[in-house]
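**Q** The lines below spell out each chain.
Protein chains: 2
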Amino acid sequence: MKLLEERIVKDGIFKEGGILKVDSFLNHCMDIDLISELGKEFHRLFADCGINKILTIEASGIGIACIAAQYFNVPVVFAKKVQSKNLDGEVYTSTVHSYTHDKEYVIRVSKKFLTENDRVLIIDDFLAKGKAIFGLLDIIRQSGATLCGAGICIEKGFQEGGRIIREMGINLHSLAIVDMDADGNMIFKEDH
Amino acid sequence: MKLLEERIVKDGIFKEGGILKVDSFLNHCMDIDLISELGKEFHRLFADCGINKILTIEASGIGIACIAAQYFNVPVVFAKKVQSKNLDGEVYTSTVHSYTHDKEYVIRVSKKFLTENDRVLIIDDFLAKGKAIFGLLDIIRQSGATLCGAGICIEKGFQEGGRIIREMGINLHSLAIVDMDADGNMIFKEDH
Numbered sequence: 001m002k003l004l005e006e007r008i009v010k011d012g013i014f015k016e017g018g019i020l021k022v023d024s025f026l027n028h029c030m031d032i033d034l035i036s037e038l039g040k041e042f043h044r045l046f047a048d049c050g051i052n053k054i055l056t057i058e059a060s061g062i063g064i065a066c067i068a069a070q071y072f073n074v075p076v077v078f079a080k081k082v083q084s085k086n087l088d089g090e091v092y093t094s095t096v097h098s099y100t101h102d103k104e105y106v107i108r109v110s111k112k113f114l115t116e117n118d119r120v121l122i123i124d125d126f127l128a129k130g131k132a133i134f135g136l137l138d139i140i141r142q143s144g145a146t147l148c149g150a151g152i153c154i155e156k157g158f159q160e161g162g163r164i165i166r167e168m169g170i171n172l173h174s175l176a177i178v179d180m181d182a183d184g185n186m187i188f189k190e191d192h
Numbered sequence: 001m002k003l004l005e006e007r008i009v010k011d012g013i014f015k016e017g018g019i020l021k022v023d024s025f026l027n028h029c030m031d032i033d034l035i036s037e038l039g040k041e042f043h044r045l046f047a048d049c050g051i052n053k054i055l056t057i058e059a060s061g062i063g064i065a066c067i068a069a070q071y072f073n074v075p076v077v078f079a080k081k082v083q084s085k086n087l088d089g090e091v092y093t094s095t096v097h098s099y100t101h102d103k104e105y106v107i108r109v110s111k112k113f114l115t116e117n118d119r120v121l122i123i124d125d126f127l128a129k130g131k132a133i134f135g136l137l138d139i140i141r142q143s144g145a146t147l148c149g150a151g152i153c154i155e156k157g158f159q160e161g162g163r164i165i166r167e168m169g170i171n172l173h174s175l176a177i178v179d180m181d182a183d184g185n186m187i188f189k190e191d192h
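Residue numbers (my numbering), protein chains in the order written: chain A, 1 to 192; chain B, 1 to 192.
Just so you know, the hints here were simulated from the structure itself, not pulled from any lab data.
Among the hints, a few may not be true.
If several chains are the same, the list does not tell them apart, and a pair holds so long as it fits within one copy or across any two.
Below, computed lysine-lysine pairings styled on PhoX-like, alpha-carbon distance capped at 20 Å [as the list claims (entries may be wrong)]:
(1) Lys112 - Lys129
(2) Lys103 - Lys40
(3) Lys131 - Lys2
(4) Lys40 - Lys15
(5) Lys111 - Lys2
(6) Lys10 - Lys21
(7) Lys21 - Lys111
(8) Lys15 - Lys112
(9) Lys103 - Lys131
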């Protein structure tokens, strides 16, 4: 998506080791006009899938999922990362390794909010090694819900998450795929 | 706000000890139509304050803040609760005690995204003892930004946060204030 690629070039910071910082518009300070356009694009890509629920994960996915959900007219369910007194009752859980935070954590979704009657679109801000998405896929599998697709704002094409998810046959669309050329410079790949 | 009060009566679960669960529409499964109405109401209440930034905190505040921000045409900055590799550089920090999670945690906002030129509206889903808001107030004070007000979806009127914040002279509006009568039943108070 041209608009997002241009914004990454303008305001993203690409650092050695493949670190991409987009905190000035996507995941710390959030440009709501931009994110509305991303939401519209997710709707264009997945409008025909009969989606009735968007699933995301704390924390930075939530705002993007909520804005996208306005175009689908569906609720958002977000997987929680911490055990909370307010999350009692029956829950689906899965364990996720975070490379950003360098630890394992358990994600939880209440069984009340994901069932076999649901047709689910996953939305998240980033896809790198894919560990958060694999956790959400595990929870969807446990619930018996139908996975209709996954919409990602920025995929790191030089890490394996996107390849694995596509090889699983999942309908994955990334609005920008960032890759590195032989000199370590940032380039964009097409989303196929 | 009548719409929110009616929804709390219909789908909220009020339990002994003043625990109110609204996870079926506000902070785990999110009813986006409802939250859009809350966002419009925040805009009605704070439209004349010259707000140029909305500040919230991970995690459940983010979606509400993002949807509200569409009516203000301003960006959202959310305070982060975990140390992340992606949050380097200069940050404002404050320590918050969470009663829900029963621990202390540090919240962080990058200095890039909050400055003395900002006119800030705080938005959050819940206000009980007010610890998260006090952390955000501390960060706003450090930044030199102007606090224009605080918009809360649900305030627990039987806990002290709202009273303390109003006594500080802060322009606080809660869309629903839940209280308890002498028998421990849930009632609503007017927002003044």
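**Q** With identical chains, the pair Lys15 and Lys112 could be close in the same copy or across copies; at 20 Å between alpha carbons, which is it: within, between, both, or neither?
**A** Intra 42 Å, inter 18 Å, cutoff 20 Å: inter-copy only.
**Q** 20 Å Cα cut-off: does Lys10 pair with Lys21 within a copy, between copies, both or neither?
**A** within (12 Å within a copy, 43 Å between copies)
**Q** With identical chains, the pair Lys111 and Lys2 could be close in the same copy or across copies; at 20 Å between alpha carbons, which is it: within, between, both, or neither?
**A** neither (38 Å within a copy, 29 Å between copies)
**Q** Within a copy, between copies, both or neither: where do Lys21 and Lys111 come within 20 Å Cα-Cα?
**A** between (34 Å within a copy, 15 Å between copies)
**Q** Taking 20 Å as the upper bound on the Cα-Cα distance, should Lys112 and Lys129 be classified as within, between, both, or neither?
**A** neither (29 Å within a copy, 28 Å between copies)
**Q** Reference check for the pair Lys103 and Lys131, CA-CA at most 20 Å: within, between, both, or neither?
**A** within (12 Å within a copy, 27 Å between copies)
**Q** Checking Lys40 and Lys15: alpha-carbon separation at most 20 Å within a copy, between copies, both or neither?
**A** neither (30 Å within a copy, 39 Å between copies)
**Q** Could you place Lys103 and Lys40 in one of the four classes (within, between, both, neither) given a Cα distance threshold of 20 Å?
**A** neither (34 Å within a copy, 39 Å between copies)
**Q** Check Lys131 against Lys2 for me: Cα-Cα at most 20 Å, and say if that holds within a copy, between copies, both or neither.
**A** neither (27 Å within a copy, 42 Å between copies)
Of the hints listed earlier, those the structure fails to meet are numbers 1, 2, 3, 4, 5, in rising order.
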